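Kindly generate the complete structure, drawing on both the sequences and the hints.
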Amino acid sequence: MSVSAPESRHRLLENLPVTERTLTLAGIKTPVLHGGSGTPVILLHGPGGYAAHWLRVIPELVKHHQVIVPDLPGHGESDASNVELDVGRARKWLGELIERCCTSPPQVVGQVLGGAMAARFAARNGGRI
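With my numbering applied, the sequence shown covers 5 to 133.
Just so you know, not all the hints are guaranteed correct.
As the list claims (entries may be wrong) - Cross-link-like lysine-lysine pairs, in silico, DSBU-like; alpha carbons within 35 Å at most: (1) K96 with K33; (2) K67 with K96; (3) K33 with K67.
As the list claims (entries may be wrong) - Computed spacing ranges between beta-carbons, pair by pair: (4) Q111 with E11: 27 to 35 Å; (5) G50 with A127: 14 to 22 Å; (6) R104 with R128: 17 to 25 Å; (7) E64 with N86: 35 to 43 Å; (8) N129 with E11: 33 to 41 Å; (9) L16 with R128: 29 to 37 Å; (10) R128 with G31: 25 to 33 Å; (11) K96 with P51: 28 to 36 Å; (12) P109 with P10: 27 to 35 Å; (13) V116 with P10: 18 to 26 Å.
Source of the hints: derived by calculation from the structure; they are not laboratory data. No experiment lies behind these values; they were computed from the predicted model shown. Even for Gly, the Cβ is constructed at its ideal location relative to N, Cα and C.
Right under this line is the structure:
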């Protein structure tokens, strides 16, 4: 018997010390993992991945930080089918994620695509992270 993608996702995430909720950010329905308390840290995965990319580091980070881990637009379970994905939308998406999830400027960690998104956001909005 094969396992469906949502069931596989659930199995990967079920033992992590986070909860998952869906937010609409820049018009994109985005699953976001959230847990812990303290200085906010946003983890942005690379291309072809989703939030579970960070499953090995999340348990340690939540001990001392508020950890926020979204599926990037067009990846994982995010639904970007009705919007144009461009640099401006990605910047707006990250800005809305920060506004909705962080009570203070977060540290943003990204891998490949996620790192590029973080760097572009920082170049224009450095005071927000």
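* List of violated hint numbers, smallest to largest -> 10, 11
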